[in-house]
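Asker: Produce the complete structure using the sequences and hints provided.
Protein chains: 2
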Amino acid sequence: MTDGKIHRVSMKDVVFKADKNNKPVLTIDSSDTVVFECRDAFNQVIKKPEDLPINFDMEKINPATGPVYIRGAEPGDTLEIHILKIDLAEQGSCCIIPNFGFLASEYPEPWTRIIPIKDGFAEFSDKIRIPIDPFPGTIIVAPPEGSHGTLIPKEYGGNMDSKACRAGTTVYLPVFVEGALFGVGDVHAVQGDGEVCGTAVEIDAEVTIKLVVNKKKKIKRPQYENEEYFMTTAWAETTDEAAKIALRDMIHWLVEEKDLTREEAYALCSCTVDIRVSQFVDVTPGVRAVLPKKIFIK
Amino acid sequence: MTDGKIHRVSMKDVVFKADKNNKPVLTIDSSDTVVFECRDAFNQVIKKPEDLPINFDMEKINPATGPVYIRGAEPGDTLEIHILKIDLAEQGSCCIIPNFGFLASEYPEPWTRIIPIKDGFAEFSDKIRIPIDPFPGTIIVAPPEGSHGTLIPKEYGGNMDSKACRAGTTVYLPVFVEGALFGVGDVHAVQGDGEVCGTAVEIDAEVTIKLVVNKKKKIKRPQYENEEYFMTTAWAETTDEAAKIALRDMIHWLVEEKDLTREEAYALCSCTVDIRVSQFVDVTPGVRAVLPKKIFIK
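Chains as they are written, first to last, in this note's numbering: chain U, -11 to 286; chain E, -11 to 286.
Take the hints with a grain of salt, since some may be wrong.
[What the hints assert, rightly or not] Derived pair list, reagent style DMTMM-like, types lysine to aspartate or glutamate, alpha-carbon separation capped at 20 Å:
| # | chain 1 | residue 1 | chain 2 | residue 2 |
| --- | --- | --- | --- | --- |
| 1 | U | K282 | E | D114 |
| 2 | U | K5 | U | E133 |
| 3 | E | K282 | U | E133 |
No lab work stands behind these hints: they were computed from the structure.
Answerer: Shown next, in the form of structure tokens:
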């Protein structure tokens, strides 16, 4: 899995905004692997049940560990982010944050639940334990211009909160600046599609990632792929609009890569592509279109 | 699986509208099983590649086989629809219908693909074969008033187009009229979540269903359940609004059935409930919220 060098970035080295002027904390070659120590999305201020999600310093939430400069990455390239391994801390937390979440107006009060991780389960209560399925919610490169918070997902990635990004998945991000300036954070021990209350099991973690510069693949926005599925993803004002963008990207990929007509691609999506919601809560809802690769006869 | 009598309803006996005045074609006892012979959603007018989806008689699409009168079913009861078995015909079809589908404005021309079913696969082309995962798209009881086409899903069921309704699933529908007047049809050999082009692999089929009157369970709109998952479902003008309704139903169920606080239920949904799109195309988009039952410690 790792043919380059192995590096480590400390959780002291985080950014709260993606910016081409951020100074890299590490410079690596393409195909090197990095162990990223990631702080939870609350920047480690929720430790016990009494820690309520109020009075956050909004400039200091959703930290991304990095940025890492990848030699040879240039605007127009695609960065392959191979998620190899995710090691979780011993406890996470789930919070209801006032004025945030899919049913925000119905849940005005702050609420915190500390959730221990034991034997592969997130222990939600003494009667409920959820098998963990961890992934980093925020996966990001520097945008071409400006300084952007990591919270709202965009074409350069960010707070995608897609559980498809578990270990075994490769995330493709378009490169906008030299070196890409990659960062990662906001690990969830487990999350439902939708992330309806606005937080999942938020947790510190180490994420091991191999970073590869791909000079051939050209993409406008993130894609995901693993052994079983190829996925497009998009965000928009509404879930319906986001779904249309992800669907058009999938049709485009089927026409370009699998030599289908536009009609065949559309009909095939109707018969076999799952349009899944990743999250409803990060200002712009996010959707992924999921194509099973096994349908193609070798 | 079957402790009552076994009946059969011919595909000659269909309705195109749900209506309490429809005459039952069969009367059964609760816990009886019925084999429903179902016509495809095109009412069997698409047989070969040259049959384009134009000039449909809109009064004669999406037939539901039935209705069946279940003795003892009364308004306020819940009808348990245990989907036991689905046997497909030898070929189905997928069509792009002008002015219909999620990307209707981008696909103005009619298009038909005949899709043979062989050895458990839907043969989309010589390079693509999709494992079948069949379910009836339309599952319906009579509404309290009026005569309603089967196409738009409502609280009395209808064209839900949810692949969760595969064999092994129990669909719960509220009963609005004496006898319930149950019908089923619109089988899909396989469909992606979203059913984006507006049709899936539409096919004739036999669907074996056990019907049970439940006097205790009270529901406002359909729910689904199988060995692994409990699911709520809803429809609205937008996917986001539909998702909120399905989510509120799930929170309600968790509070009532699992004794959680409203905050715990909301947070638990965020951590483990998948909000999935069933379809984007049946006038009102449909969503289901999917809760894994294994999280509850026995």
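Asker: Does each hint hold? Answer for all of them.
Answerer: Verification of the hints:
1. U/K282 / E/D114: holds, 14 Å
2. U/K5 / U/E133: Measuring from Cα to Cα gives roughly 12 Å; hence the hint holds.
3. E/K282 / U/E133: Violated - the C-alpha atoms of U/E133 and E/K282 are around 47 Å apart, more than 20 Å.
Violated hints amount to a single one, hint 3; each of the other numbered hints is respected by the structure.
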